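> Whole structure, please, built from the sequences with the hints as guidance.
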Amino acid sequence: RKEVEQDPGPFNVPEGATVAFNCTYSNSASQSFFWYRQDCRKEPKLLMSVYSSGNEDGRFTAQLNRASQYISLLIRDSKLSDSATYLCVVNPFNFGNEKLTFGTGTRLTIIP
Amino acid sequence: NAGVTQTPKFRILKIGQSMTLQCAQDMNHNYMYWYRQDPGMGLKLIYYSVGAGITDKGEVPNGYNVSRSTTEDFPLRLELAAPSQTSVYFCASTPRRGETQYFGPGTRLLVL
Numbered sequence: 001r002k003e004v005e006q007d008p009g010p011f012n013v014p015e016g017a018t019v020a021f022n023c024t025y026s027n028s029a030s031q032s033f034f035w036y037r038q039d040c041r042k043e044p045k046l047l048m049s050v051y052s053s054g055n056e057d058g059r060f061t062a063q064l065n066r067a068s069q070y071i072s073l074l075i076r077d078s079k080l081s082d083s084a085t086y087l088c089v090v091n092p093f094n095f096g097n098e099k100l101t102f103g104t105g106t107r108l109t110i111i112p
Numbered sequence: 001n002a003g004v005t006q007t008p009k010f011r012i013l014k015i016g017q018s019m020t021l022q023c024a025q026d027m028n029h030n031y032m033y034w035y036r037q038d039p040g041m042g043l044k045l046i047y048y049s050v051g052a053g054i055t056d057k058g059e060v061p062n063g064y065n066v067s068r069s070t071t072e073d074f075p076l077r078l079e080l081a082a083p084s085q086t087s088v089y090f091c092a093s094t095p096r097r098g099e100t101q102y103f104g105p106g107t108r109l110l111v112l
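Residue numbers (the working numbering), protein chains in the order written: chain A, 1 to 112; chain B, 1 to 112.
By construction, these hints were calculated from the structure, which means they are not laboratory data.
In this text, all values refer to a predicted model and were calculated from it rather than measured experimentally.
From the three backbone atoms N, C-alpha and C, an ideal C-beta is built for every residue, glycine too.
Certain hints may be false.
Unchecked claim - Think about it this way: if two alpha-carbon atoms lie no more than 25 Å apart in a straight line, the pair counts; the simulated PhoX-like pairs of lysine-lysine are:
hint: 1; chain 1: A; residue 1: LYS45; chain 2: A; residue 2: LYS99
hint: 2; chain 1: A; residue 1: LYS79; chain 2: A; residue 2: LYS45
hint: 3; chain 1: B; residue 1: LYS57; chain 2: A; residue 2: LYS99
hint: 4; chain 1: B; residue 1: LYS9; chain 2: B; residue 2: LYS44
hint: 5; chain 1: A; residue 1: LYS42; chain 2: B; residue 2: LYS44
hint: 6; chain 1: A; residue 1: LYS2; chain 2: A; residue 2: LYS79
hint: 7; chain 1: A; residue 1: LYS42; chain 2: A; residue 2: LYS99
hint: 8; chain 1: B; residue 1: LYS44; chain 2: A; residue 2: LYS2
hint: 9; chain 1: A; residue 1: LYS45; chain 2: B; residue 2: LYS44
hint: 10; chain 1: A; residue 1: LYS45; chain 2: B; residue 2: LYS14
hint: 11; chain 1: B; residue 1: LYS57; chain 2: A; residue 2: LYS2
hint: 12; chain 1: A; residue 1: LYS99; chain 2: B; residue 2: LYS14
hint: 13; chain 1: B; residue 1: LYS44; chain 2: B; residue 2: LYS57
What the hints assert, rightly or not - So the derived label-pair ranges between C-beta atoms look like this:
hint: 14; chain 1: B; residue 1: GLY51; chain 2: A; residue 2: ALA67; range: 17 to 25 Å
hint: 15; chain 1: A; residue 1: THR109; chain 2: B; residue 2: LYS9; range: 32 to 40 Å
hint: 16; chain 1: A; residue 1: ARG59; chain 2: B; residue 2: SER69; range: 42 to 50 Å
hint: 17; chain 1: A; residue 1: LEU74; chain 2: B; residue 2: SER69; range: 18 to 26 Å
hint: 18; chain 1: A; residue 1: ALA67; chain 2: B; residue 2: PRO39; range: 31 to 39 Å
hint: 19; chain 1: B; residue 1: LYS9; chain 2: A; residue 2: SER53; range: 34 to 42 Å
hint: 20; chain 1: A; residue 1: THR109; chain 2: B; residue 2: LEU80; range: 34 to 42 Å
hint: 21; chain 1: A; residue 1: GLU5; chain 2: B; residue 2: VAL60; range: 34 to 42 Å
hint: 22; chain 1: A; residue 1: GLY9; chain 2: B; residue 2: GLY53; range: 21 to 29 Å
hint: 23; chain 1: A; residue 1: LEU74; chain 2: B; residue 2: PRO75; range: 19 to 27 Å
hint: 24; chain 1: B; residue 1: GLY53; chain 2: A; residue 2: ASN22; range: 40 to 48 Å
hint: 25; chain 1: B; residue 1: ALA82; chain 2: A; residue 2: SER53; range: 42 to 50 Å
hint: 26; chain 1: A; residue 1: ARG41; chain 2: B; residue 2: GLY3; range: 14 to 22 Å
See below:
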């Protein structure tokens, strides 16, 4: 099983719709979780961290389900500018393991 | 703050040539990382550093070398370039282990 697994998509969604992505992780001891956004031919940028209680930032909501080992990202009232690849990122937090683990990304296209 | 800067933006190398990809950050971050990203794939960690003078291998270190003589700079050296090293290279930094990483704009490398 991959450490971090995402549905690659593509998701083609009409403008104004709601879309949700899931991401599963294999290490139950993982401590911190993030969603990054990557535009075409650009660097990844942090979209939001994911907290145990769930968190919201405007139209974006992130949830963590530790029992089932997945995190989700919900985008409401989608805009054309939301078109991007969304990367699920997990910190396994093993002692001596200094790295984050990146999923391969879910590609989202918002259709006018 | 310039954040994380990378040079060059784009480079074409012939097989067997060598080059150094430059990365610098002005945020006084201890942790720095080099990733490569192949089309449709996730980010793969090449090398990382937890502070000046300390470096360690990531998932895909073969064919690369790094050094970290200062907190600000973390150059990546390619010796004897091969077509398999054609990729986009991202440098990233973070102030603390497991936290949000800040990425540079990337270097696109083509080895012919």
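> All the hints need checking, so say for each whether the structure fits it.
For each hint, the structure was consulted:
1. A/LYS45 to A/LYS99: Holds, at about 16 Å.
2. A/LYS79 to A/LYS45: At roughly 18 Å apart (the allowed maximum being 25 Å), A/LYS45 and A/LYS79 satisfy the hint.
3. B/LYS57 to A/LYS99: Holds: B/LYS57 and A/LYS99 sit about 11 Å apart, inside 25 Å.
4. B/LYS9 to B/LYS44: Answer holds: B/LYS9 to B/LYS44 is near 19 Å, not above 25 Å.
5. A/LYS42 to B/LYS44: 16 Å, holds
6. A/LYS2 to A/LYS79: 31 Å, violated
7. A/LYS42 to A/LYS99: 21 Å, holds
8. B/LYS44 to A/LYS2: The hint holds at about 13 Å.
9. A/LYS45 to B/LYS44: 16 Å, holds
10. A/LYS45 to B/LYS14: The hint is violated at about 32 Å.
11. B/LYS57 to A/LYS2: Holds, at roughly 20 Å.
12. A/LYS99 to B/LYS14: Between A/LYS99 and B/LYS14 the Cα gap is close to 31 Å, so the pair fails against 25 Å, i.e. violated.
13. B/LYS44 to B/LYS57: Holds, because 11 Å separates the two Cα atoms, which is no more than 25 Å.
14. B/GLY51 to A/ALA67: 17 to 25 Å: 37 Å, violated
15. A/THR109 to B/LYS9: 32 to 40 Å: At 26 Å between Cβs, range violated.
16. A/ARG59 to B/SER69: 42 to 50 Å: 44 Å, holds
17. A/LEU74 to B/SER69: 18 to 26 Å: 45 Å, violated
18. A/ALA67 to B/PRO39: 31 to 39 Å: 35 Å, holds
19. B/LYS9 to A/SER53: 34 to 42 Å: Holds, at about 41 Å.
20. A/THR109 to B/LEU80: 34 to 42 Å: 40 Å, holds
21. A/GLU5 to B/VAL60: 34 to 42 Å: 19 Å Cβ-Cβ, so the 34 to 42 Å window is violated.
22. A/GLY9 to B/GLY53: 21 to 29 Å: 42 Å, violated
23. A/LEU74 to B/PRO75: 19 to 27 Å: 40 Å, violated
24. B/GLY53 to A/ASN22: 40 to 48 Å: 41 Å, holds
25. B/ALA82 to A/SER53: 42 to 50 Å: Holds, since B/ALA82 and A/SER53 (Cβ atoms, about 48 Å apart) stay within the stated range.
26. A/ARG41 to B/GLY3: 14 to 22 Å: 18 Å, holds
When the structure is compared with the earlier hints, violations turn up for hints 6, 10, 12, 14, 15, 17, 21, 22, 23 and for no others.
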